[in-house]
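There are 2 protein chains.
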Amino acid sequence: MEVAIVTVGDELLAGRTTNTNASWLCERLHDRGVTVERVTTVPDRIPDIADAVTEYRDRYDAVLVTGGLGPTHDDVTMEAVAVALGRPMEPHDEALAWLEADGYSRADLTEGTTDLPAGARALHNDVGVAPGAAVEDVYVLPGVPAEMKGMFERVATAFSGPQTYEATVVADEPESALLDRLEAVRERFDVSVGSYPGSSVRLELSSIDATETERAAAWLRERVDGVENGDDDRA
Amino acid sequence: MEVAIVTVGDELLAGRTTNTNASWLCERLHDRGVTVERVTTVPDRIPDIADAVTEYRDRYDAVLVTGGLGPTHDDVTMEAVAVALGRPMEPHDEALAWLEADGYSRADLTEGTTDLPAGARALHNDVGVAPGAAVEDVYVLPGVPAEMKGMFERVATAFSGPQTYEATVVADEPESALLDRLEAVRERFDVSVGSYPGSSVRLELSSIDATETERAAAWLRERVDGVENGDDDRA
Numbered sequence: 058m059e060v061a062i063v064t065v066g067d068e069l070l071a072g073r074t075t076n077t078n079a080s081w082l083c084e085r086l087h088d089r090g091v092t093v094e095r096v097t098t099v100p101d102r103i104p105d106i107a108d109a110v111t112e113y114r115d116r117y118d119a120v121l122v123t124g125g126l127g128p129t130h131d132d133v134t135m136e137a138v139a140v141a142l143g144r145p146m147e148p149h150d151e152a153l154a155w156l157e158a159d160g161y162s163r164a165d166l167t168e169g170t171t172d173l174p175a176g177a178r179a180l181h182n183d184v185g186v187a188p189g190a191a192v193e194d195v196y197v198l199p200g201v202p203a204e205m206k207g208m209f210e211r212v213a214t215a216f217s218g219p220q221t222y223e224a225t226v227v228a229d230e231p232e233s234a235l236l237d238r239l240e241a242v243r244e245r246f247d248v249s250v251g252s253y254p255g256s257s258v259r260l261e262l263s264s265i266d267a268t269e270t271e272r273a274a275a276w277l278r279e280r281v282d283g284v285e286n287g288d289d290d291r292a
Numbered sequence: 058m059e060v061a062i063v064t065v066g067d068e069l070l071a072g073r074t075t076n077t078n079a080s081w082l083c084e085r086l087h088d089r090g091v092t093v094e095r096v097t098t099v100p101d102r103i104p105d106i107a108d109a110v111t112e113y114r115d116r117y118d119a120v121l122v123t124g125g126l127g128p129t130h131d132d133v134t135m136e137a138v139a140v141a142l143g144r145p146m147e148p149h150d151e152a153l154a155w156l157e158a159d160g161y162s163r164a165d166l167t168e169g170t171t172d173l174p175a176g177a178r179a180l181h182n183d184v185g186v187a188p189g190a191a192v193e194d195v196y197v198l199p200g201v202p203a204e205m206k207g208m209f210e211r212v213a214t215a216f217s218g219p220q221t222y223e224a225t226v227v228a229d230e231p232e233s234a235l236l237d238r239l240e241a242v243r244e245r246f247d248v249s250v251g252s253y254p255g256s257s258v259r260l261e262l263s264s265i266d267a268t269e270t271e272r273a274a275a276w277l278r279e280r281v282d283g284v285e286n287g288d289d290d291r292a
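Going down the list, the protein sequences come from chains A and B.
Quick note, my numbering runs 57 ahead of the 1-based positions in the first sequence.
Quick note, my numbering runs 57 ahead of the 1-based positions in the second sequence.
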């Protein structure tokens, strides 16, 4: 399964906020065997959000959208998703009932709080007020991290793919010195290999076969100078 | 000036790495008056990188690309940019001369280390080996944060726009309770307003007129319950 993530917010594009929502979602999806093909940040503008959703629905199996839910003028994500799907916005009775059960009165709620694209499944917000939505292949989640995470867990089972098995080998050599062994390990084993230089070089092996991944990692560990070989250091 | 940032790397899409390069670049560009319209993360694949560069060159004034420079099989960014620009890759004499001056011998360097799209201006890497490139409206920077930051400073003056003046008001009220005053401040003053809820609500005002921004912020501060008004808290 291939998906795209659209993160909405001027504050991300101004560099005031680091996009930890995207890395959290990517990690959860990756752990479920899902390939994230794109993460794109767009401004709080309806045409920009709608264009990104439309483009990625076309290309991938699902689109997750986070941010821009709520009562203020810059919260336009739900309306943009409705535009992308060609559906009108309408009040969602179940979302209203949830909020009333949580102690909100209809009169207190900002107008439009429970409006969702027609036919959407409302997603309850355990932490905040604004509901999310699942509609066709689009999942709309809040931007506040605690709200986003809680809501994602409600839909997590919709995302799945083949389990992959990963191993990390940390090499204490310059990346350029490792080229022969990287080429050899890719020829000998049916694994994909990523190479991430920093103060040392983190080599990430993965395949859909646990044994193959482990054999490749063992082969590499014997052949590179490693300070922390076997340490699955993701810092 | 409107730009897009393309960050390249499977490790970002797998959630192993948080995209702090993007937030750093966004902040630096924003401080220079440049509007970042898109930040997109793509996998280490030539067609994906080339498509993103092509699409954003079409729409915006410049594209910054970071990540995927270096000697290993998954470092394909420079070639992808050459594809997007329809230019061949060729050895760059000045980049080679820099590396030789830094103590590398041509024989030690991995083949292709100093290959850049034909006609590119090479950007020296103060921290690592792989050179960057400026070619037409595309700027190609490394992914290792220290290398990326150093190289961006070499081209920073290419990015500019109107100075904007910002002020932050932190409100200790629910976002939904603030709607009347948010509407009023937007009507009274020529400012744009962003509203970012968390444990409190951060209201970000901005305009191209310092006095207007300050007047709007002062007006709001008198009218909202604020725990830390005036504190420019970007946490």
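Hint data in this document are derived by calculation from the structure and do not stem from the laboratory.
Glycine is no exception: its CB is placed at the ideal position from the N, C-alpha and C atoms.
It cannot be assumed that every hint is accurate.
[What the hints assert, rightly or not] Which residues of chain A face chain B? A partial, calculated answer using Cβ under 7 angstroms: (1) Met58; (2) Glu68; (3) Tyr117; (4) Thr214; (5) Ala234.
[As the list claims (entries may be wrong)] Covered, in the sense of this in silico footprint (three residues per stretch, anywhere, with C-beta under 8 angstroms from a C-beta of chain A), are these stretches of chain B: (6) 77-86; (7) 92-102; (8) 113-127; (9) 231-242; (10) 253-264.
Outcome of the hint check:
Because the closest C-beta pair between Met58(A) and chain B is about 14 angstroms apart, greater than 7 angstroms, the hint is violated. About 6 angstroms separates the beta-carbon of Glu68(A) from the nearest beta-carbon of chain B, less than 7 angstroms, and the hint is met. With a least beta-carbon distance of about 12 angstroms to chain B, the hint placing Tyr117(A) at the interface is violated under the 7 angstroms criterion. Given hint, Thr214(A) at the interface with chain B, is violated; its Cβ is 18 angstroms from that chain's nearest Cβ, farther than 7 angstroms.
With a least beta-carbon distance of about 9 angstroms to chain B, the hint placing Ala234(A) at the interface is violated under the 7 angstroms criterion. Only residues whose C-beta sits within less than 8 angstroms of a C-beta in chain A count toward coverage, and the region 77-86 of chain B has 9 of them, enough to reach three; the restraint holds. With a threshold of 8 angstroms between beta carbons, the proposed coverage of the region 92-102 of chain B by chain A holds, since 10 of its residues qualify and at least three are required. Closer than 8 angstroms: that is the beta-carbon criterion, and the region 113-127 of chain B has 1 residues meeting it against chain A, so the requirement of 3 is violated.
A stretch counts as covered by a chain when three or more of its residues have a beta carbon under 8 angstroms from one of that chain; for the region 231-242 of chain B and chain A the count is 6, and the coverage holds. For the region 253-264 of chain B, the assignment as covered by chain A holds, since 4 residues bring a beta-carbon within under 8 angstroms of that chain's beta-carbons and 3 suffice.
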